[in-house]
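K.L.:
Start from the sequences, fold in the hints, and give me the full structure.
There are 2 protein chains.
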Amino acid sequence: MQNIPFDRALVDEIIAKNKIKSVGAASIREVKKIIDDVESATGEKFVRMEMGIPGIPAVQLGVDAEIEALKNGCAAIYPDIYGTKELKHETARFVKNFLDVEVEDDACVPTVGSMQGSFAAFMTIARLDEKKNKILFIDPGFPVQKQQWNILGIETLHFDVYDYRGEKLEAKLEEYLATGEVAAMIYSSPNNPAWFSFNEMELEIIAKVANKYDVIVLEDLAYFGMDFRQDYSKPGVAPYQPTVAKWAKKFVLMISGSKIFSYAGQRIAVMVISKDLFDMKTEHMKKYFTQDCFGRAIIFGSLYALTSGTAFSPQYALTAIFKACNDGSYNFAEPLKEYGIKAEQMKKALVENGFKIVYDKDLDVDVADGFYFTFSYPGLTGEELLSELAYYGISAISLGVCRSTRTEGARACVSLVPNEMIPVFAERVKKFHEDHPIK
Amino acid sequence: MQNIPFDRALVDEIIAKNKIKSVGAASIREVKKIIDDVESATGEKFVRMEMGIPGIPAVQLGVDAEIEALKNGCAAIYPDIYGTKELKHETARFVKNFLDVEVEDDACVPTVGSMQGSFAAFMTIARLDEKKNKILFIDPGFPVQKQQWNILGIETLHFDVYDYRGEKLEAKLEEYLATGEVAAMIYSSPNNPAWFSFNEMELEIIAKVANKYDVIVLEDLAYFGMDFRQDYSKPGVAPYQPTVAKWAKKFVLMISGSKIFSYAGQRIAVMVISKDLFDMKTEHMKKYFTQDCFGRAIIFGSLYALTSGTAFSPQYALTAIFKACNDGSYNFAEPLKEYGIKAEQMKKALVENGFKIVYDKDLDVDVADGFYFTFSYPGLTGEELLSELAYYGISAISLGVCRSTRTEGARACVSLVPNEMIPVFAERVKKFHEDHPIK
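Chains F and R are the protein sequences, given in the same order. If you read the first sequence in my numbering, its first letter stands for residue 3, the second for the next number, and so on. If you read the second sequence in my numbering, its first letter stands for residue 3, the second for the next number, and so on.
Incorrect hints may have been included.
Copies of the same chain look alike in the list, so a pair counts if it fits in one copy or across any two.
Lysine-lysine pairs mimicking DSSO-like chemistry, simulated, CA-CA at most 27 Å apart [as the list claims (entries may be wrong)]:
no.	residue 1	residue 2
1	Lys358	Lys433
2	Lys289	Lys21
3	Lys339	Lys288
4	Lys283	Lys35
Hints were generated in silico from the structure; no laboratory data involved.
P.N.:
Structure below.
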């Protein structure tokens, strides 16, 4: 066993052996390899915060439903591309119960994770109008969504929303949408990586500007209900998860089972399409799709061509979980609150030792404690900070990869940090602070 | 109960009510609706041959493995994009045991059905070279693969191979590939819809011309080993499923679990990439991918962006089935032979009653009896034939949708025809013949 910080020569040798420049500049995969090597050379465990993956078991009633469906023979039968009747129905109920928004069963469609949801949406949206086909990213955001547009070969626009919260958001959105080139905009709320949440006023602004310029809003609800400052977990009872769907005419909501139900392994999510968008028709789309409206084009064109639907048994899992949430027999927020408790403790240890929370406020209130938080250390860039933290057995990823302008920052995910490692984390952070006096 | 043919007025009324022009020109979905309505109005069951879906239960040892993996907690964990180590290894063993081709474990990657396999391959291939990005379809073929290119907005070329079997294939391929515009070609063997199989000479020609013009070959093995004229089901023992991989430098093989293991519901397949293709680098691809070679671009670029990997539990299912095939403890061909027996009986009934088999020969020998067959009736177009057969309680799809030039033909899939319906089929075909004397 080694003391913290690790022997620098030992760590540097491992870095050199793995042929990377610095830990702060390495990919997640490279970081993982370095950590494995350092852990094995020192006998010490890292506090691992680089991966945004669930840290608790999948919701059991989903697993049970899936096993039952397999026993009943679902593996042999092609699932319908538009999803099972029951999943469509429970999704619409879920959206009514927890977002207070009415949607039709037909508008609710399963996807192979929200990754497929956004890809299918992007691929369809980009074909609606030749001259209005760019997407605006309200950043920071999930890096792979940007990669999806790169692969499709279509231009993207983005801005970091940190300096444009509240009423300032309207003028900033006008700046992009008034050009008439923007087909859609996308954001996540709660936000990955920054864990801020848009409030109702901001969501209403987004909808207002979108409606004015006939722009589609893609709302990524990967962290649905995980802003634990409010209890969004009671069906049909306020407060509800804030959503742009209250005001926007054309929207796609993406609700993933990966984080809120810890169901990442089975690649299951739903997309919810507004009626105005489902029925939308354009001349240009006929070049790419045989279907005659957006809703049919994304389902029978894009989703069919991508994977011919979503695996059958995970659809049963999600149906059972939604149904239990809708019936009030399962509270999805309960097991997730552990993330908030850990985030609070870890942020406290950081702040007490000279660190700053980067995205710290939702306008006048502190951001919630949840799955992610962002942090920095005075005098260091994000890359330097991550490289230096490696000697202290702490890993995270740089905010730069999430297209944040706050390049001094890093994103931490609390999910994989065991409770017993939190005092260890506090100690390492204290030692780091002692070794790096702030000038 | 009604006699065959059904009362024409009754059927015509149902067709009119469903607002379609004719059964022969309707989509599969429309046909299904008409059939449901006619069945309910007459009390008579159709002989349903329009859908290409498994007619037997999923391989049980796959289902068992999947249930076990779910019990062990796989639902909570993001699967690696490149697939589990065990699945990659068993796939490489399967390719060696049943195709007699050596590939590396790394080259074997799970996909969300072969639908995703071909989409990911197309999307990556189209980005390799701006001027060499067309695909040649050796038709007839699976209609959705063509739709995948439409959505990607890239030009396709195709020809019906019926008149170019054997040595004639070389000059025909030269005609397309010599232009230098073709990036890849695709075909399925055994063929959907025509059920012909390329022989080793033809596959060697395809490889030879592809190698000459540095063109990628996509071989869709959806019906792997289902040419029952030979026994391809013994691991490591000749004869082996014929494959272009014996000679081609750059290839992708797509092996789906949907038909050969009746595992369509769980959307699971593998793609196998040749070493030369995996390592291929081009300047143009850097515009779309951050990865530096085809293999990494298709996995960490395309497959990541499409669905972030393949659902976890179906990977365990496919691993268990491949392993059992490799170990010789499970013979995948046995339960499938039922399809061949049904095809033989049904083709016999047709031929005895004036019908023709459209794609009838593999050069000098009859095509195999298997999952699909193609048929026509003298004096009728495919559309007329299908419309007329509806009165006799028989459904299929037109060869036109499979881009066959043989528009007099229809494709029949035997999988959903119960054994006890085969005498009924024979009777109806006989009645049809009596009512439609050949001039």
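K.L.:
Run every hint past the structure and note whether it holds.
P.N.:
Going through the hints against the structure:
no.: 1; hint: Lys358 x Lys433; verdict: within (16 Å within a copy, 84 Å between copies)
no.: 2; hint: Lys289 x Lys21; verdict: between (48 Å within a copy, 25 Å between copies)
no.: 3; hint: Lys339 x Lys288; verdict: neither (47 Å within a copy, 42 Å between copies)
no.: 4; hint: Lys283 x Lys35; verdict: between (49 Å within a copy, 25 Å between copies)
The structure shown violates just one earlier hint, number 3.
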